[in-house]
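K.L.:
Chain by chain, the residues:
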Amino acid sequence: MSQAKTSPVTAVRAAPAGRRLHPLPVRIMHWINAAVMLIMITSGWGIYDDDPIIRGFVFGSFWRLGDWAAWSLNWHFAGMWFLAINGLIYLIYGIVSGRFRERLLPIRPAEVVQTVVETLHFKIAHEDLTVYNAVQKLLYIIVILAGISQVVTGVAIWKPIQFSGLVSLLGGFQSARVLHFIGMAVIVGFVAVHVALALLVPKTLWAMLQGGPRVKPSTRVQRGVKS
Amino acid sequence: MAVLRLLWLCVALVPITAPADAQSTTPGGMPPPPGMSLAESTAMRFPQPVRVGDLIHKDVLRPVASQQVLGHVRAVVRAGDGTIKIVMSFGGFLGIDTRQIAVPVDAMVLVGQDMEVVAFTPKQLAGFPTFTASGTTPVPQDTIIRVGLAKPSH
Amino acid sequence: MRSPFRPDNVPDAAVLDNHRPLIRSLERRGLIRGGLSLGALVMLTGCDVKRPASVQAALRAISRMNDEVQALLFDPNHLAPTYPSSMILRPPKFNAYYDVMDVKPVNGETWRLELSGLIADKRPWTVRDLQAMPQSSMVIKHICVEGWSYIGGWTGVPLRIFLERVGADLRAQYVAFKTADDYPSSIDMATALHPQTLLAIKYGGETLADPFGYPVRLRMATKLGYKNPKWITALEVTNTYPGGFWEKKGFPWFAGI
Numbered sequence: 001m002s003q004a005k006t007s008p009v010t011a012v013r014a015a016p017a018g019r020r021l022h023p024l025p026v027r028i029m030h031w032i033n034a035a036v037m038l039i040m041i042t043s044g045w046g047i048y049d050d051d052p053i054i055r056g057f058v059f060g061s062f063w064r065l066g067d068w069a070a071w072s073l074n075w076h077f078a079g080m081w082f083l084a085i086n087g088l089i090y091l092i093y094g095i096v097s098g099r100f101r102e103r104l105l106p107i108r109p110a111e112v113v114q115t116v117v118e119t120l121h122f123k124i125a126h127e128d129l130t131v132y133n134a135v136q137k138l139l140y141i142i143v144i145l146a147g148i149s150q151v152v153t154g155v156a157i158w159k160p161i162q163f164s165g166l167v168s169l170l171g172g173f174q175s176a177r178v179l180h181f182i183g184m185a186v187i188v189g190f191v192a193v194h195v196a197l198a199l200l201v202p203k204t205l206w207a208m209l210q211g212g213p214r215v216k217p218s219t220r221v222q223r224g225v226k227s
Numbered sequence: 228m229a230v231l232r233l234l235w236l237c238v239a240l241v242p243i244t245a246p247a248d249a250q251s252t253t254p255g256g257m258p259p260p261p262g263m264s265l266a267e268s269t270a271m272r273f274p275q276p277v278r279v280g281d282l283i284h285k286d287v288l289r290p291v292a293s294q295q296v297l298g299h300v301r302a303v304v305r306a307g308d309g310t311i312k313i314v315m316s317f318g319g320f321l322g323i324d325t326r327q328i329a330v331p332v333d334a335m336v337l338v339g340q341d342m343e344v345v346a347f348t349p350k351q352l353a354g355f356p357t358f359t360a361s362g363t364t365p366v367p368q369d370t371i372i373r374v375g376l377a378k379p380s381h
Numbered sequence: 382m383r384s385p386f387r388p389d390n391v392p393d394a395a396v397l398d399n400h401r402p403l404i405r406s407l408e409r410r411g412l413i414r415g416g417l418s419l420g421a422l423v424m425l426t427g428c429d430v431k432r433p434a435s436v437q438a439a440l441r442a443i444s445r446m447n448d449e450v451q452a453l454l455f456d457p458n459h460l461a462p463t464y465p466s467s468m469i470l471r472p473p474k475f476n477a478y479y480d481v482m483d484v485k486p487v488n489g490e491t492w493r494l495e496l497s498g499l500i501a502d503k504r505p506w507t508v509r510d511l512q513a514m515p516q517s518s519m520v521i522k523h524i525c526v527e528g529w530s531y532i533g534g535w536t537g538v539p540l541r542i543f544l545e546r547v548g549a550d551l552r553a554q555y556v557a558f559k560t561a562d563d564y565p566s567s568i569d570m571a572t573a574l575h576p577q578t579l580l581a582i583k584y585g586g587e588t589l590a591d592p593f594g595y596p597v598r599l600r601m602a603t604k605l606g607y608k609n610p611k612w613i614t615a616l617e618v619t620n621t622y623p624g625g626f627w628e629k630k631g632f633p634w635f636a637g638i
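Protein chains in written order, with the numbering used here: chain H, 1 to 227; chain D, 228 to 381; chain R, 382 to 638.
It is worth saying that the hints were derived from the structure and are not from the lab. Treat each hint with caution, since some may be false.
As a list, the in silico DSBU-like pairs of lysine-lysine whose alpha-carbon atoms are at most 30 Å apart [to be verified]:
no., chain 1, residue 1, chain 2, residue 2
1, H, Lys159, R, Lys559
2, D, Lys285, R, Lys559
3, R, Lys583, H, Lys159
4, D, Lys285, H, Lys159
5, R, Lys485, D, Lys285
6, R, Lys630, R, Lys559
Just chain H, same shape as in the assembly (with noise of 0.2 Å):
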């Protein structure tokens, strides 16, 4: 932060070769969330399957964390502590560095639509990775929301009655499991297409573990400096 307080031009002599587009925090806090996400689901789901909500469904074994319930949930609430905390403190950075605004701001619904088509016509652009398209953007913004509003439903399921307030304008204890369980969908939806895309593409994945290119030092001048 203290380089804030120099001009612009020394800023980016100070870091020639500019920032990763993924810095190393980032990638550390990406793949701490990886694996607790995959914990917290896979666990979840070992808790769903003793009162399911989709009735006639429930996940099979095969698919859950703990080889019960009880394990199941001492998987979930010892993870929700990182998911949480990490989650946390990923927002904060993302925030605080302009990580959000430069990455996943402005979404323009036009941008939206064209990229879906040109999706479908099978032209995923992604030559240049320090820049999402519109549609990226979207599902970034989507899956932080949902990973937010499970924290905020979670703590409902986990304390209803200390937290009711927050229980009955869920709607109750059983919407709040409902929409605990909708959560985990959407992330379960992004993490496939995430998967899918980054195993198409696999310079983005290389760049999530070794940072990526580093972010044209002019971009950076243009947005102001924020290293």
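The hints should help you fit chains D and R onto chain H, whose structure is shown.
P.N.:
This is chains D and R only, laid out in the frame that chain H set:
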């Protein structure tokens, strides 16, 4: 890449799961032992008083962990032989081809807000004749009848 | 595309359906009446290859930490929402670690509530003694750890009033219960003193029925269902962690909601 290793550990742990039956030492909603009459089996299930009107619309489930919905309670009738039967919707898909069958109340149990058919498999129920009201009398909504209990199935 | 690993002739799943009553009766004989099996042995040890000991130890440690967080989140003055008595589910939902056929009714005439631990007056209690105590009623949601819930109406002696009457040490940490169905349980003193914690003797205005814990069971508005032992036979006030039936198998102890 400790983080990656953790990720792989998680992936590796996912399939390491087993049946979730450790939770109950007796599974819920088991059929009557062979040779036992339905009435006798209900007597073992601590039949509880319930208002007939409260049974209408209840989901009727299969006693399995997935809680598959077999149908819904539509009416409660007294058959010619004096036994009480639950008239439930059954079969079909999205209401198409759905018909009504009459299942002896002693073949069913209450599990909280729902009912379960414990004495017949879905296949056996499929062989039940379609319910016709003739020869039966509807049981008034305010009548209290007794229905056996079961714990949730896992 | 068809997987090369899939056999061409798949056995008809209906074979399971056809023989289901038989399979179930076999399972029943094997599991319930049969006693010890390899599976039961695995359950007894509480740990097996499916759940590595180190993982289990780590999860238990976090669960204990969560117990402390839960105790901090517990507000002794916060009341659980209550509902009109027209919403009471009659009869309530039965649940136990066994099915209802294995319920062993308790004889209310000979039943006694034994008291032990940090209690001044340890004279045993009869059903009539409990009935003579001040009663309180509440229509609250019963929430099971499995996810289901229902609204139930309970009447009984507030545990706080009971503990005060017998001269229990209210600064002790735990209140522990023993039951006729061998389902030991224990709670923290703060929850024991909560106004919506009852030694319940009635449901929906009627004497508690056999499968629901006659003559007395615990009902707390602020804890999960499995923390509410039925057919209570003994109560102890103690500073030694007493644990409980499900807690031993892995479920969290505090289980506040």
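K.L.:
In ascending order, which of the hints set out earlier in this document are inconsistent with the structure?
P.N.:
2
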